[in-house]
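> So you can see what is in the structure, the chains are spelled out below.
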Amino acid sequence: MATQEVAAREKRELTENGERTEAGKLFSPYTDIHETERAVVVSMEMPGVDKESIDIRLDKGVLTVRGTVDSARYETLRPIYTEFNVGNFVRTFTVSTKIDAARIHATVVDGVLTIELPKAAEAVAKRIAVS
Amino acid sequence: MVIRVRDPFATLLGLQRAMEGVMGSDWFGSRISGSGAYPLVNVFSDGEDFVLVAELPGVKKEDLDIQVRGDTVRIQGKKSIADDEQASVHRRERAAGQFDRTLTLPAELDAAKVSAQYRDGVLTLRLPRAENAKPRTVTIN
Numbered sequence: 001m002a003t004q005e006v007a008a009r010e011k012r013e014l015t016e017n018g019e020r021t022e023a024g025k026l027f028s029p030y031t032d033i034h035e036t037e038r039a040v041v042v043s044m045e046m047p048g049v050d051k052e053s054i055d056i057r058l059d060k061g062v063l064t065v066r067g068t069v070d071s072a073r074y075e076t077l078r079p080i081y082t083e084f085n086v087g088n089f090v091r092t093f094t095v096s097t098k099i100d101a102a103r104i105h106a107t108v109v110d111g112v113l114t115i116e117l118p119k120a121a122e123a124v125a126k127r128i129a130v131s
Numbered sequence: 001m002v003i004r005v006r007d008p009f010a011t012l013l014g015l016q017r018a019m020e021g022v023m024g025s026d027w028f029g030s031r032i033s034g035s036g037a038y039p040l041v042n043v044f045s046d047g048e049d050f051v052l053v054a055e056l057p058g059v060k061k062e063d064l065d066i067q068v069r070g071d072t073v074r075i076q077g078k079k080s081i082a083d084d085e086q087a088s089v090h091r092r093e094r095a096a097g098q099f100d101r102t103l104t105l106p107a108e109l110d111a112a113k114v115s116a117q118y119r120d121g122v123l124t125l126r127l128p129r130a131e132n133a134k135p136r137t138v139t140i141n
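Chains A and B, in that order, are what the protein sequence lines are.
Every letter in the first sequence is one number past the one before it in the numbering used here, and letter 123, counting from 1, is 123.
Every letter in the second sequence is one number past the one before it in the numbering used here, and letter 82, counting from 1, is 82.
Since the hints were derived computationally from the structure, they do not count as laboratory data.
For clarity, every value in this text was computed on a predicted model and none was experimentally measured.
Positions of the beta carbon are idealized from the N, C-alpha and C atoms, including for glycine.
Keep in mind that a hint or two might mislead.
Stated by the list, open to error - Distance ranges between label pairs, derived from CB positions: (1) B:V138 x A:E5: 42 to 48 Å; (2) A:E13 x B:I81: 19 to 25 Å; (3) B:E62 x A:A121: 36 to 42 Å; (4) A:E13 x B:R74: 25 to 31 Å; (5) A:E13 x B:I140: 46 to 52 Å; (6) A:R78 x B:Q86: 48 to 54 Å; (7) A:A23 x B:Q86: 39 to 45 Å; (8) B:I81 x A:R38: 18 to 24 Å.
As the list claims (entries may be wrong) - Some chain A residues judged to face chain B by a derived CB distance under 7 Å, without partners named: (9) D50; (10) L77; (11) Y81.
Claimed, not checked - No more than 27 Å apart at the CA atoms, straight line, and that leaves these computed lysine-lysine pairs for DSSO-like: (12) A:K51 x A:K11; (13) B:K113 x B:K78; (14) A:K98 x A:K51; (15) A:K98 x A:K119; (16) B:K78 x B:K61; (17) B:K134 x B:K113; (18) A:K11 x B:K60; (19) A:K51 x A:K25; (20) B:K78 x B:K60; (21) A:K98 x A:K60; (22) A:K126 x A:K60; (23) B:K113 x B:K60; (24) A:K11 x B:K61; (25) B:K78 x A:K51; (26) A:K51 x B:K61; (27) B:K60 x A:K51; (28) B:K78 x A:K11; (29) A:K98 x A:K126.
All chains should be built: construct the whole structure from the sequences, respecting the hints.
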């Protein structure tokens, strides 16, 4: 495989309409979504967010993920040169597949959150044999 | 401006504003090489030390290589994403590949005292100035 360089790109800042009660910048995490036979797998890049600071909700087919960054690590630091800003992450998806909410499983490794949403039994596709 | 914590929201907002204020500053001057290359970096000062922060989500610690020499810092590595061949793709926004960025700081660094921490996809390098690059207090006679 040919080596590929990672292109630098800005973090996506959420610029939604309407006012929020929470002040400050929010970022929309870069996300991959895959679907296997048995599950929908969502991987989100949330650098600086530890596992205690992630909130995942699935309500009426809407998946909402929030990640809170710890700004305390910047406590004594004075910024002199910046190329990106820091802020909390939030992103919402409508999940069109029926999910077995009781078996949702999430892990976070090196700033990447992976959420496995197992399909409900009735949503698992059946392979149709052609006779 | 030094950021002091009281209320976490006020802190984050204060931090964001302070960082916004120096966004695109010419602190590196013309010396910055590979400006805008991956990974993007922030530089802070903490007393006499520089603190460099880069976000590298999905990069494994063992795939990171950091070198410090004189006044330059080189961050090299690769970011890989495990792909499940069986899975169908709904959305692909994350990017994988190799990176190599060299930054030249405005002071000589003490390479032996540099420390690196990698946690939750964030690399933090503490870069102390070399002894001869530290500011001296001048006594007025």
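> If a hint holds in the structure, say so; if it does not, say that too.
Structure-based check of each hint:
1. B:V138 x A:E5: 42 to 48 Å: For V138 of chain B and E5 of chain A the Cβ distance comes to about 47 Å; the hint holds.
2. A:E13 x B:I81: 19 to 25 Å: 23 Å, holds
3. B:E62 x A:A121: 36 to 42 Å: 40 Å, holds
4. A:E13 x B:R74: 25 to 31 Å: Distance hint for E13 of chain A, R74 of chain B holds at roughly 29 Å.
5. A:E13 x B:I140: 46 to 52 Å: Holds, since E13 of chain A and I140 of chain B (Cβ atoms, about 48 Å apart) stay within the stated range.
6. A:R78 x B:Q86: 48 to 54 Å: 49 Å, holds
7. A:A23 x B:Q86: 39 to 45 Å: Since A23 of chain A and Q86 of chain B have Cβ atoms about 44 Å apart, the given range 39 to 45 Å holds.
8. B:I81 x A:R38: 18 to 24 Å: Taking Cβ atoms as reference, I81 of chain B and R38 of chain A lie about 20 Å apart, which means the hint holds.
9. D50: 5 Å, holds
10. L77: It holds, given that the least Cβ distance between L77 of chain A and chain B is near 4 Å, below 7 Å.
11. Y81: Nearest chain B Cβ about 4 Å off; hint holds.
12. A:K51 x A:K11: Given that 27 Å is the threshold and the Cα spacing comes to 21 Å, the pair holds.
13. B:K113 x B:K78: 25 Å, holds
14. A:K98 x A:K51: 26 Å, holds
15. A:K98 x A:K119: 6 Å, holds
16. B:K78 x B:K61: 10 Å, holds
17. B:K134 x B:K113: Distance of about 14 Å is within 27 Å: holds.
18. A:K11 x B:K60: With Cα atoms ~20 Å apart, K11 of chain A and K60 of chain B stay inside 27 Å; holds.
19. A:K51 x A:K25: Holds, at about 21 Å.
20. B:K78 x B:K60: 8 Å, holds
21. A:K98 x A:K60: 10 Å, holds
22. A:K126 x A:K60: Holds - the C-alpha atoms of K60 of chain A and K126 of chain A are around 24 Å apart, at most 27 Å.
23. B:K113 x B:K60: The given pair, whose Cα atoms are some 23 Å apart, holds under the 27 Å limit.
24. A:K11 x B:K61: Holds. K11 of chain A to K61 of chain B sits at ~22 Å (cutoff 27 Å).
25. B:K78 x A:K51: The hint holds at about 24 Å.
26. A:K51 x B:K61: 18 Å, holds
27. B:K60 x A:K51: 17 Å, holds
28. B:K78 x A:K11: 19 Å, holds
29. A:K98 x A:K126: 15 Å, holds
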